[in-house]
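J.: One letter stands for each residue in the lines below.
Number of protein chains: 2
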Amino acid sequence: MSTATTSNRNVQLASEVLKQRFGERFLTGDSIREQHAHTLTYLKNQPPDAVVYAETSEEIALIVEVCGKHACPVVPFGAGSSLEGQLNAPEGGVSIDVSKMNAVLEVHPQDLTVTVQPGITRKALNAYLRDTGLFFPIDPGADASIGGMASTRASGTNAVRYGTMKDNVIGVRAVMADGREINTASRARKTAAGYDLTRLLVGSEGTLGVITELTLKLHGIPESIAGGICHFPDIGSACEAAIQTIQYGIPIARIELLDAVQVRACNAYSKLGLAEMPTMFVEFHGSESSTTEQSAMFGDIVSDCGGSDFTWTTKEEERNKLWQARHDAYWAARGLRPAADAIVTDACVPISRLAECVEETCRDIAEHNLVAPIVGHVGDGNFHTSVLVDMNNDAELSEAKKFAERLSLRAISMGGTCTGEHGIGQGKKAYLRNELGDTVDFMAMIKTALDPDNIMNPGKIF
Amino acid sequence: MSTATTSNRNVQLASEVLKQRFGERFLTGDSIREQHAHTLTYLKNQPPDAVVYAETSEEIALIVEVCGKHACPVVPFGAGSSLEGQLNAPEGGVSIDVSKMNAVLEVHPQDLTVTVQPGITRKALNAYLRDTGLFFPIDPGADASIGGMASTRASGTNAVRYGTMKDNVIGVRAVMADGREINTASRARKTAAGYDLTRLLVGSEGTLGVITELTLKLHGIPESIAGGICHFPDIGSACEAAIQTIQYGIPIARIELLDAVQVRACNAYSKLGLAEMPTMFVEFHGSESSTTEQSAMFGDIVSDCGGSDFTWTTKEEERNKLWQARHDAYWAARGLRPAADAIVTDACVPISRLAECVEETCRDIAEHNLVAPIVGHVGDGNFHTSVLVDMNNDAELSEAKKFAERLSLRAISMGGTCTGEHGIGQGKKAYLRNELGDTVDFMAMIKTALDPDNIMNPGKIF
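Sequences listed follow chains A and B, in order.
First residue of the first sequence? That's 1 in the numbering used here, and the numbers climb one at a time after it.
First residue of the second sequence? That's 1001 in the numbering used here, and the numbers climb one at a time after it.
A portion of the hints provided could be inaccurate.
[Unchecked claim] Calculated lysine-lysine pairs in the BS3-like style (CA-CA distance at most 30 Å, straight line): (1) A:429 / B:1217; (2) B:1069 / A:217; (3) B:1321 / B:1401; (4) B:1123 / B:1069; (5) A:271 / A:217; (6) A:100 / A:217; (7) B:1217 / B:1315; (8) B:1217 / A:217.
Source of the hints: derived by calculation from the structure; they are not laboratory data.
Here the structure is a predicted model, which is why all the values come from computation and not from measurement.
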């Protein structure tokens, strides 16, 4: 079963109406259209027919209504940092750019909530919040838009402590395929009021509705933040340290693994002088006494697992340098082969299988002579490889794709998923079926029920 | 818009097939049928036509398939502790009793997960887990079944720290209306693999599928648990203490408010000698030093808010006595008028509005001379009143229902919800529309798409 494909699409008619209405905010130049399609990975750029800059939710509703009349696809666009082709327009249509809808609408410090427009980026939001003593923790590395992060169910480095977007979105407003705007939930911290449409829209990659507003959970900026670094003789002992940390219930805020290849890449890109061996970056949040206690407990685990002396600091400057390097890991990896593109994988397994999964993946990389540094949010059992590929070399590309396929299937066979945080998009449709079987049919029934003409970001997930 | 009603229901035919197949596990006696319909509150008992005891997920699939052929309603039954008529059979049909499906299927201590059948109760699960050092935290008071808790998106006293069922179910298996059994997610701690059908089924009150298996998050039993109690001169100052506790980020595990009437009820029922004034029961989980620190910080807040000296203990026996009394609050409340029944309300508001909402509710209770003790999971902004009503007195019943309606609408008007944790069931369908408007239409579209003949627990939510 697949979702409907519509033969009566008429992008031309929809475009004429929108051009009339939006004037110079309706753009059709090649360059702007290409910028709004997917560019970050190996997937082919499939530009929309036009880009419209929306400034209000009413405008989004109007665009969807117009497009709905002509079965014209709509593709929501935030910051353009998604990794599985979520922004491509394989059936053409209109990219709705919400980057100008970047206001903070309401902050409720007592409730630890904020309501924002979808185009605001996570860094802009946290800059805005700074004076309140609160912050929004989800941090996928890139300065993604909050709407996009919700759409792909993003997480990142501190999900191990704060959860993913699924856990930190209280409710959304969204324009549905029929042009109606709905509000999925009240602003209460918990609810049992009907189906959880919040969680249905979070992670739906724009295929069910265009998010126009989000209410998010905020957290207090920790009184004390301690960051540190340690090395391990091999990947297995690093994974074992992660397992023990989680099992002992240490409320670690970040626990990131870099393999030796990735460390070499980061040394070069971020001018660090780290030993080129499996390395863990960690961070603890809490009161002074709590972060001291956590750091000491973690140090004991590292030592038990054969790791190097664990050194940590609460100095902001030193911590920031480390985490900037971690966030630049993707660009550092690409620096290993500047002319190449990257296929980024996103396996996530139960943590008990993590060492096995990473080790098998390392052997696979070595056996096939790939350049594929590894970084992992190991507290969640999630890790990425960036396979560097010369896209003009078909044999190489084919080899890399086969590797990515083996990795997805390996994760699935270990009780895990082919995507911990990047989403299905265009790149992982086949693996979704491998992973969940007939369950995909029920997802498709929901898609068809809510978007019968398949106008909402068609060609993604299904 | 409402979901389909089916005119071609033939419960008789379905029953004949099931009787043939299940023999003495297929029961039609009046008493057993009444026990399987809703009994705990004021809602009228609407028994199913028959009760089938299922022992495997294959049997559940068979029952649903047979019932599907004849458009016969199926109503899943776990422990019978739901509060909004979720177990009633207003259109007749078959109650699927899963209480014998109460096995623990797999424990993965390293992953902090457990996979269980739906009929196991939370207490039985925690008894089973004791030796692992792990526990399942969600605690709605009643010894509910895990399947039922997932179906109503239950939470309870320690949701403020551990979240609700939405946060603690990793994935479910469920038999859908067409008889197919699906698995909503892998066992990985996070996923971005398609629509979040886990969260769609959690809280769907049996209207989309019958849950046959659940994989849950577990947590380490805290090294130290400190419990305590304090009194406040009025409800407002107690709420203020709750707000400050949350805002300061104290990771409190339980923070429960009882009003003076409820304290009086608990004193009588549980033989306590507490001062009859607004009272807070709290609990802290962590390391020894962390619970000490948390208790001290909380004590300061209580004192700032005009509360009594905060006394706390780590002695298990004393703590257990207090929490047993809290868990018996419902029965204690009913003890205030033994011949009466209770209408239990479930308002949940953003915590900044909690004091206002509770105070207005207290005035409403006083003005209408109701007996309606209040207990609240105040860290979540959630509180319950148990309005004690003589069901044979129409005027009294009508007055109580009007009060409950005012309370639901009051919560909604303050940005909250008519149900924090009990669900919509039969009792709150009108308020769901008040709260979420057209959003309910989209829920109904999903219901119709996945269950076109409306056989799955019809008459609930919609």
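J.: State for each hint whether it applies.
T.: Tested hints:
1. A:429 / B:1217: Satisfied, since the Cα-Cα distance of roughly 27 Å is no more than 30 Å.
2. B:1069 / A:217: 45 Å, violated
3. B:1321 / B:1401: Distance ~33 Å between residue 1321 of chain B and residue 1401 of chain B Cα, so the pair is violated.
4. B:1123 / B:1069: This hinted pair is violated, its Cα atoms lying about 37 Å apart.
5. A:271 / A:217: 36 Å, violated
6. A:100 / A:217: 23 Å, holds
7. B:1217 / B:1315: 27 Å, holds
8. B:1217 / A:217: 21 Å, holds
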